[in-house]
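**Student:** Chain B with the ligand: place on chain A using the hints.
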Amino acid sequence: MSSTPSPVWSNRTIKWVDRRLPIFSMMHKELIVYPTPRNLNYWWNFGSLAGIALVILILTGIFLAMFYTPHEDMAFASIERIMREVNFGWLIRFIHMNAVSLFFLVVYIHIFRGMYYGSYKAPRELLWGIGVLIYLVMVGTAFLGYVLPWGQMSFWAATVITSLVTAIPVVGNDLAIWLWGGFSVDNDTLKRFFALHYLLPFVIFALVFLHLWALHTTKSNNPTGVEVKKPADTLPFHPYYTMKDAFGLGVALIVLCFFVFFYPNYFNHAINYVQADPMVTPEHIVPEWYFLPFYAILRAVPDKLGGVVLMFLAIAIWFILPLLDTSKTRSGRFRPIFKWFFWLLVADFVLLTYLGAMPAEGIYVTLGMWATGYYFFHFVVILPLLGWFEKPLPVPESISAAVTAGHEKEAAA
Amino acid sequence: MSTLTRIATAAAVAAGLTLGLGAVGAQAAGGGEGPGLKRPYWSFEGVFGGYDEQQLRRGWEVYAQVCKSCHVLDYMHYRNLEQIGFTEDEVKEIAASFEVEDGPDEWGEMFMRPATPMDEFAKPYENDAIAKLANGGVVPPNLSVMARARDGGADYIYSLMLGYRDEVPEWVLEHDPNFELPAGKSFNAYFPGYAISMPQQLFEGILEYPDGTEPSAEQMAHDVTAFLQWAAEPELEDRKALGRYVLVFLLVLTALLYAYKREIWKDAH
Ligand code: HEM
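Chains A and B supply the protein sequences, listed in that same order.
Numbering-wise (full-length UniProt numbering), the first sequence opens with residue 1 and increments by one.
Numbering-wise (full-length UniProt numbering), the second sequence opens with residue 1 and increments by one.
Since the hints were derived computationally from the structure, they do not count as laboratory data.
Mixed in with the good hints, there may be bad ones.
[As the list claims (entries may be wrong)] Stretch by stretch, here's where chain A covers chain B in the computed footprint (C-beta under 8 Å, at least three residues):
| hint | region |
| --- | --- |
| 1 | 63–69 |
| 2 | 148–157 |
| 3 | 259–267 |
[To be verified] Dumping the calculated SDA-like pairs for lysine to any residue here, alpha-carbon to alpha-carbon at most 20 Å:
| hint | chain 1 | residue 1 | chain 2 | residue 2 |
| --- | --- | --- | --- | --- |
| 4 | B | K240 | A | W90 |
| 5 | B | K240 | A | D18 |
| 6 | B | K266 | A | A401 |
| 7 | B | K123 | A | E80 |
| 8 | B | K240 | A | E85 |
| 9 | A | K29 | A | W43 |
Here the structure is a predicted model, which is why all the values come from computation and not from measurement.
Note that the Cβ used here is the ideal one computed from N, Cα and C, for glycine as well.
Isolated chain B, as found in the complex:
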């Protein structure tokens, strides 16, 4: 027992030190002059979380009508859209509305043809140089892993989409009086350094949802973020479902093992 007490003491001391230093550190780093990330409700959080297919399809709508002209979704194929509730025919139709390069044909020529469900998502720019030229010297990043590739994940993307300000806010100038937005950049409260090469994208009513949902900026940001979360973690629902079975199984098994161990050790102590 005394060992346990001592471990508890050490753990408490360590935790105390870590927390105490953490608080000091947060202040020392001068972080937090900007707003904290927005934390909306996400259906995919937690042990029982999953995607809302309706929402994912709305998110696809936003991606296809807004983001697609600049951002790729690498590693994804049109067939993946069946996972979020589009029928096979719908996916064929969606794919066919894109042109992809194929070839060479028997004359040695490359040619364009309508995409099929088996094709990867078409790329908006032929190469990085053109992408840079069109976007103030920055290549718009791939969005299919974005939800995994930033601290804060979905919360970050959501906040970023809604984080634009027309003027540089006071709190930035208080922290850095010399802050100036470079030409061609926009101010975004959540982007590291605040000057982002992507202009604000989501304005109320820029598109119409097929299911009649009100297209407010918040709604679109929420939907497109959920869609990008799915793009980054298409396995999430399978993963959690399997995980719940595995954990229940392991809990029961381990309880049985414990009982059996006690039984065996009964006379040995």
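Excised from the complex, chain A in its bound form:
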């Protein structure tokens, strides 16, 4: 496929540049003629959406940073000034706030898409692993960003989460002091969080570049899980997938704008509009919705250190998914039992999200333990065993064969 001929450029400037730095040929190869499986469904829209959400966040973030003041006495007021005095400051800020939710929603769908269609299996293990790394850095970035407005929830979330490191034996306390730059979350913590919050999105950007490089090396997986075998299995990226992605972007922007313009604080905790006060602890300290499943796992363990370890394992386990899934069949479409366990895992994840938002008392604690247990049971026991016991359905011999078979079925019906 790398044998696609470079176009002959007729524009003289483009020709001149391209002979010295083949950037136009590269774009032509990777974005225009790039052979893409012809049967990708809408679940394949979410990667490009995540990329656009990242760009929206970086652009709005840069403008916010021009007006934001990282100081414990001024941060909160500087956000209010952005909302009241800066021209369209409210718009920039509300886009930034809500695009974070969009970003996480899109990325969660993207991840579970990969799990269903076995996109982590050879030869895409690195592509998948870079994705998990991106997710980890995203989590860090969003956490740091949430501290910046210096509201009550900002401050107490920062306190709760950074205090987790004190659970580490021997060095825990020193590590916490080192992280804070003092003996608690204070002005120095805020300043370093701002510096890092400005930095990490660009780290994500670089990782996304590696992600795409790996993608264009192995090519996209597809709903059948059968590798591309002949040109008839593919379509050029442009105009087929550029248009499909454009339509998907339209839908995503409608959702985003609905919240930005009409319910801009829907995902926000009201109490974060109260300035941080180290002397007053809020009744419930609840993280943003996108952290809730992992927060539920953290709290499912009575022991602090155990909880922290388990929470990290819950994400880290995605790294070794290619090892845990022993099935030879890639796509969940041809795995009759796996399918059901997959949706059970999704339901479990949603349940964990719900439990993360509830107070850690009574029935929620028990449920949290069971949901956490099942989460790990899925990866450590069910997945490896399924590969042995499950009898997969016959897999089509090629993508184009599958597509034609689909048409015949439609015609017969």
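**Tutor:** Relative to chain A, chain B with the ligand alone:
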């Protein structure tokens, strides 16, 4: 199609679990022994919502005559009042009725002068210590973000203003027989813990509205809450107006993109 069915099933299961647990949770938390928030009509709700300037000016009247003596409106300036329909001269006049500290002058002295429209709203107390001293150990909070800073927003503020009771009601004692109102506090059915350091503020007829509206407690609570909503979200009308254009534009654009996508894919399936 079977994928869709399965997603629908999973979504239904998840929704069922969430709702079911929600019901259990509400009971387990023992919440709801008090009255639910009052939910009056607000002109600013919904996609087409906006402010009623007359009401905002009445709300300003309530704020200026009642709340101002204890509560600040941080981040706001007298010039902002032009947004709710006061003329430039009226705003100058309002501002001039306040004194703000300025200086130092050429003798190195701080001095007081009448405020101008460009000044921030004057603060009722010189510092938090005095504010606490005057209010039973609690600083009256800033009201300019209050409508964003409490669950329930405007409904909460409205309910709070009308939530005072002269005696501790039965339902509180049923829930907690040992409940006792600390000295200097008032009972408020909507305040967390019910014991609030702010005495009841709104009584029928404590002020006269310039536009002749009947100053009942409900009317004043409604007006001052609308005013505080505006103070918290002065951008609301611009935001919704722009949002309506953007959404119509995006809906049309996305429909076109969909049609165009189908056209391109026509032969590819
Ligand atoms: C992966 C990308 C990013 C994520 C996930 C993210 C996440 C967040 C979150 C959750 C907040 C708190 C929102 C709020 O309550 O206001 C925030 C605020 C902020 N972010 Fe980001 N952000 C990203 C990129 C950026 C970039 C690239 C910049 C600047 C170069 C930036 C600058 C800011 C600033 C200045 C704030 C504080 C202002 C505010 O609270 O609205 N962000 N970010």
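**Student:** Hint by hint, say whether it matches the structure.
**Tutor:** Right, here's what the structure says about each hint:
1. 63–69: As far as the region 63–69 of chain B goes, the hint is violated, because 0 residues have Cβ atoms under 8 Å from chain A.
2. 148–157: holds (count 5)
3. 259–267: holds (count 4)
4. B:K240 to A:W90: Holds, because 12 Å separates the two Cα atoms, which is no more than 20 Å.
5. B:K240 to A:D18: Roughly 47 Å between the alpha carbons, so the hint for B:K240 and A:D18 is violated.
6. B:K266 to A:A401: holds (18 Å)
7. B:K123 to A:E80: holds (18 Å)
8. B:K240 to A:E85: holds (18 Å)
9. A:K29 to A:W43: With Cα atoms ~24 Å apart, A:K29 and A:W43 exceed 20 Å; violated.
Of the numbered hints listed earlier, those contradicted by the structure are 1, 5, 9.
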